[in-house]
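A.B. asks: The residues making up each chain are set out below.
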Amino acid sequence: MTTTPLPRARRRRRSPWPTVLGVLALVGLTATVAFGNLGKSLEYFVTPTEYLQQQAEYQGRPLRIGGLVKAVQYNPQTLDLKFNVTDGGATFPVQYRGAVSDLFKENQGVVVRGEFQGNTFHATELVVKHSEEYHVPKTQAELKDLLQKSESE
Amino acid sequence: MLNLISFQSSALGALGQLSLLAALAFTLGGTWLAAVGGLKADTRATEAARRAIWAVFALVSLGTLTLMVALLRDDFTVRYVAEHSMRASPTWVKVTSLWGALEGSILLWAWLLAGFALVLSLTLRRDALRPWALGAMFVSLLFFVGVCASIASPFTPLSQVPADGLGPNPALQNHWMMAVHPVLLYLGFVGLSVPFAYAVAALVTGRLSDHWVVVTRRWTLVAWAFLTAAIVAGGWWSYETLGWGGYWAWDPVENASFIPWLLTTAFLHSIQIQERRGLMRAWNVWLIVLAYASTVLGTFLNRSGIVQSVHAFAGGPVGPVFLGFLAFLLVAGIGLAAWRAPHLRDEADPPAPLSREGAFLAGNWLFLVFAVMVLVGTLFPTLVEAVQGRRDASVGPAFYNAFAIPLGLGLLLLMGVGPLLPWRRADGQSFWRALRPLLLAGLGAGLIAFAFGVRSLGVLGTVALGAYNLVGLGLLTVRAVRERSSGGRGGGFAALVREQPRRYGAYLAHIGLVVIALGIAFSGTYRQDAQTTLNVGAAPVRLLNETLALQGTRQDTKPYGRSAVARVLIDGRPFEARMNTYVQGGETAFPAPAVRYGLLGDTYLVVTAFDEQGKWASVRLIESPLVSWIWWGTLIVVLGAGLTLVTPRRATVRAPALRSAPATD
Numbered sequence: 000m001t002t003t004p005l006p007r008a009r010r011r012r013r014s015p016w017p018t019v020l021g022v023l024a025l026v027g028l029t030a031t032v033a034f035g036n037l038g039k040s041l042e043y044f045v046t047p048t049e050y051l052q053q054q055a056e057y058q059g060r061p062l063r064i065g066g067l068v069k070a071v072q073y074n075p076q077t078l079d080l081k082f083n084v085t086d087g088g089a090t091f092p093v094q095y096r097g098a099v100s101d102l103f104k105e106n107q108g109v110v111v112r113g114e115f116q117g118n119t120f121h122a123t124e125l126v127v128k129h130s131e132e133y134h135v136p137k138t139q140a141e142l143k144d145l146l147q148k149s150e151s152e
Numbered sequence: 000m001l002n003l004i005s006f007q008s009s010a011l012g013a014l015g016q017l018s019l020l021a022a023l024a025f026t027l028g029g030t031w032l033a034a035v036g037g038l039k040a041d042t043r044a045t046e047a048a049r050r051a052i053w054a055v056f057a058l059v060s061l062g063t064l065t066l067m068v069a070l071l072r073d074d075f076t077v078r079y080v081a082e083h084s085m086r087a088s089p090t091w092v093k094v095t096s097l098w099g100a101l102e103g104s105i106l107l108w109a110w111l112l113a114g115f116a117l118v119l120s121l122t123l124r125r126d127a128l129r130p131w132a133l134g135a136m137f138v139s140l141l142f143f144v145g146v147c148a149s150i151a152s153p154f155t156p157l158s159q160v161p162a163d164g165l166g167p168n169p170a171l172q173n174h175w176m177m178a179v180h181p182v183l184l185y186l187g188f189v190g191l192s193v194p195f196a197y198a199v200a201a202l203v204t205g206r207l208s209d210h211w212v213v214v215t216r217r218w219t220l221v222a223w224a225f226l227t228a229a230i231v232a233g234g235w236w237s238y239e240t241l242g243w244g245g246y247w248a249w250d251p252v253e254n255a256s257f258i259p260w261l262l263t264t265a266f267l268h269s270i271q272i273q274e275r276r277g278l279m280r281a282w283n284v285w286l287i288v289l290a291y292a293s294t295v296l297g298t299f300l301n302r303s304g305i306v307q308s309v310h311a312f313a314g315g316p317v318g319p320v321f322l323g324f325l326a327f328l329l330v331a332g333i334g335l336a337a338w339r340a341p342h343l344r345d346e347a348d349p350p351a352p353l354s355r356e357g358a359f360l361a362g363n364w365l366f367l368v369f370a371v372m373v374l375v376g377t378l379f380p381t382l383v384e385a386v387q388g389r390r391d392a393s394v395g396p397a398f399y400n401a402f403a404i405p406l407g408l409g410l411l412l413l414m415g416v417g418p419l420l421p422w423r424r425a426d427g428q429s430f431w432r433a434l435r436p437l438l439l440a441g442l443g444a445g446l447i448a449f450a451f452g453v454r455s456l457g458v459l460g461t462v463a464l465g466a467y468n469l470v471g472l473g474l475l476t477v478r479a480v481r482e483r484s485s486g487g488r489g490g491g492f493a494a495l496v497r498e499q500p501r502r503y504g505a506y507l508a509h510i511g512l513v514v515i516a517l518g519i520a521f522s523g524t525y526r527q528d529a530q531t532t533l534n535v536g537a538a539p540v541r542l543l544n545e546t547l548a549l550q551g552t553r554q555d556t557k558p559y560g561r562s563a564v565a566r567v568l569i570d571g572r573p574f575e576a577r578m579n580t581y582v583q584g585g586e587t588a589f590p591a592p593a594v595r596y597g598l599l600g601d602t603y604l605v606v607t608a609f610d611e612q613g614k615w616a617s618v619r620l621i622e623s624p625l626v627s628w629i630w631w632g633t634l635i636v637v638l639g640a641g642l643t644l645v646t647p648r649r650a651t652v653r654a655p656a657l658r659s660a661p662a663t664d
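Sequence lines, in order, name chains A and B. With the first letter of the first sequence counted as 1, position 70 gets the number 69 in numbering that gives the first Met the number 0; the numbers rise by one all the way through. With the first letter of the second sequence counted as 1, position 239 gets the number 238 in numbering that gives the first Met the number 0; the numbers rise by one all the way through.
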């Protein structure tokens, strides 16, 4: 062994309490900030059916809602978009302002971010999620998978 | 079943696979030799281990080169090429496909790791650390070369050879920056393996005197500079290609690169306390173990798909294997440190609060808390899913900003105080005298910003602390130049920098960070964003203090995809914003915004939708002030880091030490 003989373990010359308390205070502070804030800034991904079942909990909270697109009304000049999102079980109207690509068609899977005000979902963002390898169709497969699951439950 | 090599392999596939397997054999042998060299103090075994690294490097290089040739020659008998490349791609895309998907990126990682190991093997001193540092490096190599040669081999043969490949990831083709960012990032990550190896060696041998820290400072700085550049390059890529006008979204994988950066930055500061004062020995060991482990954690997050992310690659067996390696690193590192740390005796009492080391220590705590918070935010959704079984809860930017802004400001505050304080202990009065001009400058700058209409507390704080930092560094420099000339030594500032490149490099890096902080504060707070639809031939539209007119649209078609281009006049200046569609991407369009960079702000135009007949186009206009300060600031930081690596020139005449408080080093 090339290890050199080590000095004997350090004997504490002073009380370890200030350090321990300091660490505890920091951990506590971190935890408070983290969990206090996290509750508010958590954003859940729900399907229309899930929303219908737990409306009280999700009303007015930031949400992502996923489902299929129905009844699209889009005016490219004013950029006003209205459509319904459905998972077969429940359907909700969605409002959005912004440009929409050709991708956005009837029966397409979509994830919208925003919040419910009454029965209408006010979307701030249409999420085109880059999934694995950045291919979008995979996301739709995932979404359908999710929708099927929620239907069978 | 693993099908590592078969007679169906093409010549290139077989060559690549064999070279990786041979590299693995040399890695195993080298690990064994290093262990023998360490345990029996056998210098011949150590020497052999050192040479095994050369063989590993040569063989992994051969493997990487083989994959590159296969990509460039469109050899679709190699699975990786068939799955991630295609004939029609431009050459530069074929080259970047080498690291554009899982297997290739791990191969690049292994190759860079072997390269760093090679440099390490050439620079290691002949001391007791030598076999153990080599051994620790071999353990990292064992993992990465092992993964490359087995479960994530790019060379596994295909049962049927396709006529053309599936093509590269569309997002990789959208901007040349994707050629740069991953390589920089891996250089940063891999660079940390060397300080880690030294730390392990120091722990095992018990030679925790300060040699390892002195040696690793340079390695860490190089890795840190690459990591800094990589993070910002990723941000710039995001800015240039995602079309949202931002550069940082607290995406889990962005976080995964930021956590090692925070820990490494802390380490760079705390090792100076050990170098100077022989304190914080155990702390430094822990810090580098955690920093290295966090790079593996980042890769695990990136590759396992357990967190939702822009970067998430396929699941597969690679995720669990990385988790295993992470667990091994943490258990081994923590076990080793826990075994040895009680023997790490500091030479003196813990740092006094009002001293340079006190400021460094406080900064360390802030960096640590920052890293823990980012980690909590990143993993929290996964935790929620595991515990509550709820799918896909996510943590928004609001959570991160809530602590990132105060912590960032706290770090800026300490960054200004640090260089002002002397080592050991400051005398309160002289410290106050030195601090006063800085505080005045900060207050003044804050008031000026307020007068100009800045109302955001975060921005006001950043401006004030920016001025406070710059004035502090300026005063210290001016005082040093004056002292020098009054001490009868000429040469002025340039000579000063030549004699103390470390100090002035650090100053420069700090200035760069101030510039970046200002860029982030202003662009984050005062970004403006508006959307409209423009019609060809219609009257110009007024949007965000600009007038926009659509001149026309056109389609550019290439074998690998097509671009829809909108020509828009913004205040009379032409912009060409594109929307790119790639054959692999289906109908998904990747925006290529037209950005006019300016020192005070950028004008950023994205096309979001096109009319088939070319009569109209929907656009999004974003104006964000000072964005380019982030890019320029990073350049300054990297230059500063480079300057600290320059060997100092000895002063010609040693002047009697003029102790002028508190600007001492």
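Everything labelled a hint here was simulated from the structure, so no lab data went into it. You may find that some hints are simply not true.
To be verified - Straight-line distance between alpha carbons at most 27 Å, and here's what the computed BS3-like set of lysine-lysine pairs gives:
(1) 81/A - 69/A
(2) 614/B - 557/B
(3) 104/A - 69/A
(4) 81/A - 104/A
(5) 39/B - 81/A
(6) 104/A - 614/B
A.B. asks: Hint by hint, say whether it matches the structure.
C.D. replies: Verification of the hints:
Distance hint between residue 81/A and residue 69/A is fulfilled; the C-alpha atoms sit about 10 Å from each other, no more than 27 Å. With a C-alpha separation of about 23 Å, the suggested pairing of residue 614/B with residue 557/B holds against the 27 Å cut-off. Taken as a hint, the residue 104/A and residue 69/A pair is honoured in the structure, with Cα atoms around 8 Å apart against an allowance of 27 Å. Restraint check for residue 81/A and residue 104/A: satisfied, since their Cα atoms lie roughly 12 Å apart, inside the 27 Å limit.
Restraint check for residue 39/B and residue 81/A: not satisfied, since their Cα atoms lie roughly 76 Å apart, outside the 27 Å limit. Taking the CA atoms of residue 104/A and residue 614/B, the gap is near 21 Å; set against the 27 Å cutoff, the hint holds.
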